[in-house]
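Undergrad: Sequence:
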Amino acid sequence: MIEAGKKIILFDGVCNLCNNAINFVIKRDKNDVFRYASLQSEIGKKLIAERNIDISKIDSILLIDPKIAYYHKSTAALQISKQLSGIYPLLSVFLVVPQSLRDWVYDIIAKNRYKWFGKKESCMIPTPELKALFIDQ
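Position 29 (the sequence shown) corresponds to 29 in the numbering used here; numbering is contiguous.
No lab work stands behind these hints: they were computed from the structure.
There could be a bad hint or two in this list.
Here are the computed lysine to aspartate or glutamate pairs in the EDC-like style, where the Cα-Cα straight-line distance is at most 16 Å [what the hints assert, rightly or not]:
id	residue 1	residue 2
1	K131	D32
2	K82	E129
3	K82	D54
4	K30	E50
5	K27	E129
6	K7	D54
7	K67	D107
8	K131	D29
9	K57	D107
10	K67	D103
11	K131	E3
12	K82	D29
13	K7	D29
14	K6	D103
15	K57	D29
16	K6	D32
17	K67	D54
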């Protein structure tokens, strides 16, 4: 179930880099802004289909903001950083960099993420204390 007002981060559930990034966000989401689901989950597929998103072009992260629509690639990462505690909101200054350049760097990392960081056989299973943050459980 999706809680009203929560932003949803859809991520590649078998990617080690993506799983580590989600754990990073969870630790710094002091205002409880986000909920999480893997792209491979039923709810992930449903949210993607509802928005007519071509998943062949977006395969690593999506930020769904119920008030706005969705963000993908580098824009999603930077929009997420704006909500985190600490110095991470300062990263949003990179939103002034042309999206094509930001996404070019993002795509290089996304294309090589399995080779550089590894891949799991199945999606991450959250610990019991984190389970409530995942909408695909």
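Undergrad: Could you run down the list of hints and mark each one as holding or not?
TA: To see whether the hints hold, each was checked on the structure:
For a cut-off of 16 Å, the pair hint linking K131 to D32 stands: about 14 Å separates their Cα positions. Restraint check: the Cα-Cα separation between K82 and E129 comes to about 25 Å, which exceeds 16 Å; the hinted pair is violated. A threshold of 16 Å between alpha carbons decides the hint, and for K82 with D54 the separation of about 25 Å lies outside it, so the pair is violated. At roughly 29 Å between alpha-carbon atoms, K30 and E50 are farther apart than 16 Å, so this suggested pair is violated.
A distance of roughly 12 Å separates the Cα atoms of K27 and E129; the hinted pair therefore holds under the 16 Å criterion. With a CA separation close to 20 Å, the supplied pair K7 and D54 exceeds the 16 Å bound. Distance check on the hinted pair: K67 and D107 sit about 27 Å apart at the alpha-carbon level, beyond 16 Å; violated. Restraint check for K131 and D29: satisfied, since their Cα atoms lie roughly 15 Å apart, inside the 16 Å limit.
A hinted pair counts as satisfied when its Cα atoms are at most 16 Å apart, and K57 with D107 qualifies at roughly 10 Å. As the CA atoms of K67 and D103 are separated by approximately 23 Å, the hinted pair breaks the 16 Å bound. Distance hint between K131 and E3 is fulfilled; the C-alpha atoms sit about 14 Å from each other, no more than 16 Å. Of the supplied pair hints, the one linking K82 and D29 holds, its CA atoms being roughly 10 Å apart against a limit of 16 Å.
Distance check on the hinted pair: K7 and D29 sit about 11 Å apart at the alpha-carbon level, within 16 Å; holds. A C-alpha spacing of about 25 Å is found between K6 and D103, which places the hinted pair above 16 Å, so the restraint is violated. For a cut-off of 16 Å, the pair hint linking K57 to D29 is broken: about 27 Å separates their Cα positions. A C-alpha spacing of about 8 Å is found between K6 and D32, which places the hinted pair at or below 16 Å, so the restraint holds.
At most 16 Å may separate the alpha-carbon atoms for a hinted pair to count; K67 and D54 exceed this at roughly 21 Å.
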